[in-house]
Structures are given as C-alpha cells and as structure tokens.
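Each chain, written out:
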Amino acid sequence: MQLPIKVDEQRPEPLYHQIESQLRGLILGGQLAEGTSLPSIRELAVSLKCSAITIRRVYQDLEAEGYIRTRQGSGTFVADVGNADRREHRLSRVAEEMERAVDAAWQLGCTEEEVEELFRKAVLRRASSRKGGENSDA
Amino acid sequence: MLEREDGRLAVRMQGFLAGTEDFRLGPLDVMIPRGTVTAVIGSNGSGKSTLMRALLGLEPSRGGVLQVLGSGVGPGGDESYKVRTGFVAESPHAYENSMTVREKAEFASLWYPNWDWERYRRLLALFDIRDGVKLSRLSKGHRRKAELVVAMAHDPELLILDEPTSGLDPVIWKVWLDEMQSFMDSGDKTVLIATHVTEEVKRLADYVLILHRGRCIGLYEKDRLFEEWRTVLAEPAGGRPDAGALRSREGCAKVEELENGLYRIEWSATAMPEQDAAMRACGFRPLDSRRLELEEILARITQEEISNTSKEEGSVEPA
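Line by line, the protein sequences are chains A and B. If you number the first sequence the way this note's numbering does, the last residue is 138 and the count never jumps. If you number the second sequence the way this note's numbering does, the last residue is 457 and the count never jumps.
Just so you know, not all the hints are guaranteed correct.
Stated by the list, open to error - A few chain A residues that face chain B, going by a derived Cβ cut-off under 10 Å, partial list only:
id	residue
1	Gln10
2	Leu15
3	Cys110
Unchecked claim - Calculated lysine to aspartate or glutamate pairs in the EDC-like style (CA-CA distance at most 16 Å, straight line):
id	chain 1	residue 1	chain 2	residue 2
4	B	Lys392	B	Asp380
5	B	Lys340	B	Glu244
6	B	Lys278	B	Glu234
7	A	Lys49	B	Glu337
8	A	Lys49	B	Glu359
9	B	Lys278	B	Asp307
10	B	Lys220	B	Asp293
11	A	Lys49	B	Asp293
12	B	Lys278	B	Asp266
13	B	Lys340	A	Glu9
14	B	Lys340	B	Glu433
15	B	Lys340	A	Asp61
16	A	Lys49	B	Glu431
17	B	Lys392	B	Glu442
18	A	Lys49	A	Glu9
19	B	Lys272	B	Glu244
20	A	Lys49	A	Asp85
21	B	Lys272	B	Asp316
22	B	Lys340	A	Glu43
23	B	Lys312	A	Glu43
24	B	Lys392	B	Glu434
Stated by the list, open to error - Incomplete in silico selection of chain A near chain B, CB under 8 Å:
id	residue
25	Pro14
26	Ser40
27	Val46
28	Thr54
Just so you know, these hints were derived from the structure itself, not from any lab. Since we're looking at a predicted model, the values are computed, not measured. All residues carry an ideal CB built from backbone N, CA and C; glycine is no exception.
Turn these sequences into a full structure, and let the hints steer you where they fit.
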C-alpha cells in the first residue's frame with residue numbers, strides 16, 4: 001500500500017521526524033482508519049528512499065504512543081485512536097495553520113483589527129464558494 | 139553478551155587485512171548487522187571488489203579477523219557459511235562461457251543444499267530469461283540477470299553483489315529492485331552491494347561503507363550521512379550574526395555571505411541538532427537546507443581523508 005507521505009529533502013528537519021509526524025497526522029486525521037495494514041518496514045523505506053533503520057524507529061515511536069500495533073507475522077496495523085485525540089489533533093492542526101496566516105499578516109504590517117476583519121471576510125467568502133462548488137459538482 | 143552481539147552480525151572485521159602485493163585492502167574494522175543492506179561505495183580502485191571477494195575467502199588474508207555469518211574465514215575456517223551465501227561477482231567467469239544457464243544452475247544446485255528449483259523458475263520468469271541459451275551467447279544485461287537468478291535461487295541468508303545491475307535496462311532494474319525489497323522483507327536477510335548507482339544506494343541501503351584506496355573511511359547510517367553533510371541557507375536572526383564564531387564550530391566547513399544578505403553554511407559530519415544549535419547560538423536562523431548528493435559527499439570525505447593522511451605522513455618525517 002502506498003502512503004501519502006512526502007519527504008522533503010530541503011526541509012531542515014530530520015527524515016524520521018518528517019515521516020513520523022506525517023504518519024501520525026494521517027492516523028489522527030482519519031485518512032488511515034483503524035485496522036488499516038501499513039507497509040512493511042522495508043517497503044516503506046524503499047518507497048521513501050530512506051533506511052529501514054529510520055522506518056523502524058518511526059514504527060517503534062508510534063507503537064509506543066499507541067497509534068499503531070504490530071502483530072508478529074502478520075504486520076503492522078493502525079490502532080484504535082480515541083475520538084478525543086482525533087478532535088484535538090484536528091484543532092491543533094487548524095490552529096497551527098491560522099497562526100501561520102497571522103504571522104504573515106504581522107509581517108505585512110496589519111493591525112489586530114485588520115486581521116480579525118480579514119479573517120471574518122475569508123470565512124464568509126470561502127463558505128459561499130464552497131456552497132457554489134458543491135452545487136456545480138451535483 | 140559478546141556472543142549474543144556476534145550472533146546478530148553478518149560480517150565482523152577486526153584489523154582485517156587482505157590483498158596482494160599490488161593492492162592492499164585494510165586494515166578494516168567493520169561490523170555489519172544482520173537484516174540490513176550495506177552499500178559499498180568508492181571510486182575505481184578503492185577496494186570494493188577485493189572486499190567482496192575477501193568475504194568469500196577468495197582473496198589471501200594478511201591478518202586480522204574476518205567472520206561471515208558467524209564463521210571464521212580463511213585457513214582453518216568453517217566454510218559452511220558459503221552455502222548460506224549468494225554471490226554475484228564483478229565480471230562473469232570465462233570458464234562458464236560454454237555452459238547454458240540451465241547447466242550453471244544444475245551445477246549450483248549440487249553445491250547449495252537449499253537450492254529451490256521452483257524459486258529458480260520463478261526468478262527466471264521474473265527476469266525474462268530462457269535457460270537453454272549458452273552464457274556466452276547472452277548480452278551483458280541478460281548474463282547479469284542469469285547470474286542474479288542463480289545467486290538467489292537457494293534463498294541465501296547473505297547476498298553479496300558486486301555491481302549487480304550493470305547492463306540492466308530500467309524496466310528490469312525496477313523488477314530487480316522490487317525483488318530485493320521482498321527478499322529483505324523477512325527481516326533477517328543481509329545484503330552487501332558494491333555499486334556506483336546512486337539510486338540503488340538511496341532506495342536500498344541502510345548503511346554506506348566508504349572505501350578509498352584500500353582503506354575504510356567509515357561505515358555510516360545512510361540517513362544520518364545525508365543529514366550531516368548539507369548546505370543550509372540562513373538569515374540573520376536579528377542583529378549581525380557571528381560568522382567567525384560559527385566557522386570555528388566543529389563540522390562547519392564554510393560560512394559565506396550572499397549578496398541578498400543571506401548566508402550559505404556548509405556542514406560536514408555533524409549531527410543535525412548540533413548544527414541547528416550552533417547556527418542559532420551564532421545568530422543565524424536556518425531557512426532552507428540542501429542535502430549534498432552522494433557523489434559530493436564522497437568527494438569531500440575522500441578529500442578530507444587525503445589531507446589528513448598527508449598531515450599524518452608529514453608528522454612522522456624525520457626533522
């Protein structure tokens with residue numbers, strides 16, 4: 001199975017960190033449901049061009065955190081992750097993205113009021129274009 | 139404790155010396171764990187093939203310890219590890235020229251107790267080979283494929299491959315890569331592969347063994363090697379950064395101010411967190427980083443080795 005994980009060699013974080021946080025994100029975000037079978041260590045290493053040592057470390061970390069479990073002989077699977085964890089992950093991801101946008105606004109010299117105003121407008125605009133998108137899909 | 143450690147090693151070399159008058163290999167001190175893929179890299183004449191052959195006892199040992207799959211190699215050694223090993227040599231054996239692929243396989247089947255004809259036929263089909271053809275009649279790539287099939291048909295514990303894919307077309311190369319992946323999947327197989335193909339190192343290797351002029355420069359964990367040798371683009375974190383202080387940090391090979399006010403910082407052989415800490419301490423904020431290509435790392439490592447060697451040699455010269 002191919003996992004939607006992308007390693008960016010230009011990013012200044014270690015490989016295992018990139019892979020681990022993306023895989024954790026896929027599990028918490030619900031893209032990988034409970035019981036989904038994960039690729040073997042070697043398979044994932046070959047596809048991401050990293051060493052099996054790195055993938056083993058990622059799997060061990062995520063197993064210790066309770067996100068995946070390994071059954072002897074049959075492979076590695078996504079574990080049951082509580083809804084509370086999922087919600088928390090979703091919200092913290094969104095908060096991260098918003099903070100990034102706020103940082104950009106500071107850098108461009110916006111005031112707090114302007115940022116809030118822009119945020120409200122962005123929500124309205126997106127909400128209406130999303131509805132429009134759904135209609136045209138139907 | 140030591141014994142248990144040894145059981146987990148596929149190859150153990152301690153002060154191992156091999157070679158002839160013309161070419162000396164070693165001393166090598168290398169421990170390769172089972173269940174891993176090690177790429178042996180180095181320029182022509184670095185000793186890759188000599189090492190591969192030495193592992194099979196095909197090069198005269200000149201001292202030190204060499205153990206493969208737990209057996210000592212050399213005079214008085216236990217040769218049983220060889221039937222659990224598969225080998226593809228650098229160049230085909232001329233004495234096999236008049237044999238057909240099938241005859242080569244039959245010969246090998248007598249030698250390897252674990253020979254598996256079913257596995258052999260599966261690999262033949264996979265690599266698209268007809269085994270009634272004489273080896274001398276095969277193209278370079280086809281002969282390579284035939285050798286790979288015969289080396290893997292007994293499902294060896296250790297696979298020693300000396301530039302196994304030279305002459306393979308890209309489609310068959312991918313087939314071979316997938317086969318290597320499933321070969322390694324059980325987790326207890328070990329592969330040593332001498333190669334000049336960077337993509338093979340990236341896809342397969344866990345460790346990289348670098349040889350230079352018969353000497354071992356080091357055995358590196360691949361991902362760490364790529365992290366430790368990199369070029370970072372950084373901006374001043376506020377105020378004027380201290381380039382001089384950063385230059386004096388261990389592993390910092392170069393700090394260069396660019397026209398746009400950014401800095402290019404080259405790192406070698408330094409753990410990533412240490413690099414980051416050093417840059418921040420000296421007033422730099424990393425923005426972007428670029429890994430060096432394997433060829434660049436190899437060139438720089440061997441360059442360093444050469445300058446260290448000449449320094450050492452210089453210091454023992456009589457005053």
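Hint by hint, here is what the structure shows:
Given the 10 Å rule on beta carbons, the hint for Gln10(A) holds: about 6 Å separates it from the nearest Cβ of chain B. With a least beta-carbon distance of about 5 Å to chain B, the hint placing Leu15(A) at the interface is held under the 10 Å criterion. Annotation: interface hint on Cys110(A) violated; nearest CB of chain B at approximately 21 Å, more than 10 Å. Our distance criterion of 16 Å between C-alpha atoms is met by Lys392(B) and Asp380(B), whose separation comes to about 13 Å.
The straight-line distance between the Cα atoms of Lys340(B) and Glu244(B) is roughly 35 Å, outside the 16 Å bound, and the hint therefore fails. Of the pairs offered as hints, the one joining Lys278(B) and Glu234(B) holds, with about 14 Å between alpha carbons and a cut-off of 16 Å not exceeded. A distance of roughly 9 Å separates the Cα atoms of Lys49(A) and Glu337(B); the hinted pair therefore holds under the 16 Å criterion. Restraint check: the Cα-Cα separation between Lys49(A) and Glu359(B) comes to about 13 Å, which is no more than 16 Å; the hinted pair holds.
The straight-line distance between the Cα atoms of Lys278(B) and Asp307(B) is roughly 11 Å, inside the 16 Å bound, and the hint therefore holds. A distance of roughly 12 Å separates the Cα atoms of Lys220(B) and Asp293(B); the hinted pair therefore holds under the 16 Å criterion. For the hint pairing Lys49(A) with Asp293(B), the CA-to-CA distance comes to about 25 Å; that exceeds 16 Å, so the pair is violated. At roughly 14 Å between alpha-carbon atoms, Lys278(B) and Asp266(B) fall within 16 Å of each other, so this suggested pair holds.
This hinted pair checks out: Lys340(B) and Glu9(A) have alpha carbons roughly 12 Å apart, not beyond 16 Å. At roughly 12 Å between alpha-carbon atoms, Lys340(B) and Glu433(B) fall within 16 Å of each other, so this suggested pair holds. For the given pair, Lys340(B) sits about 23 Å from Asp61(A) by alpha-carbon distance, which is inconsistent with the 16 Å threshold. For the hint pairing Lys49(A) with Glu431(B), the CA-to-CA distance comes to about 13 Å; that is within 16 Å, so the pair holds.
Taken as a hint, the Lys392(B) and Glu442(B) pair is honoured in the structure, with Cα atoms around 14 Å apart against an allowance of 16 Å. A threshold of 16 Å between alpha carbons decides the hint, and for Lys49(A) with Glu9(A) the separation of about 11 Å falls inside it, so the pair holds. Taken as a hint, the Lys272(B) and Glu244(B) pair is honoured in the structure, with Cα atoms around 14 Å apart against an allowance of 16 Å. Distance check on the hinted pair: Lys49(A) and Asp85(A) sit about 30 Å apart at the alpha-carbon level, beyond 16 Å; violated.
Our distance criterion of 16 Å between C-alpha atoms is broken by Lys272(B) and Asp316(B), whose separation comes to about 27 Å. Of the supplied pair hints, the one linking Lys340(B) and Glu43(A) holds, its CA atoms being roughly 13 Å apart against a limit of 16 Å. Our distance criterion of 16 Å between C-alpha atoms is met by Lys312(B) and Glu43(A), whose separation comes to about 14 Å. Between Lys392(B) and Glu434(B) the CA atoms are separated by roughly 15 Å; this keeps the pair inside 16 Å, and the hint holds.
Given the 8 Å rule on beta carbons, the hint for Pro14(A) holds: about 5 Å separates it from the nearest Cβ of chain B. At a threshold of 8 Å, the smallest CB-CB gap from Ser40(A) to chain B is about 5 Å, leaving the interface hint in force. Interface hint status for Val46(A): upheld, as the beta-carbon distance to the closest one in chain B is roughly 5 Å, under 8 Å. Taken as an interface hint, Thr54(A) checks out: its beta carbon lies about 5 Å from the nearest beta carbon of chain B, inside 8 Å.
In summary, the numbered hints that this structure violates are 3, 5, 11, 15, 20 and 21.
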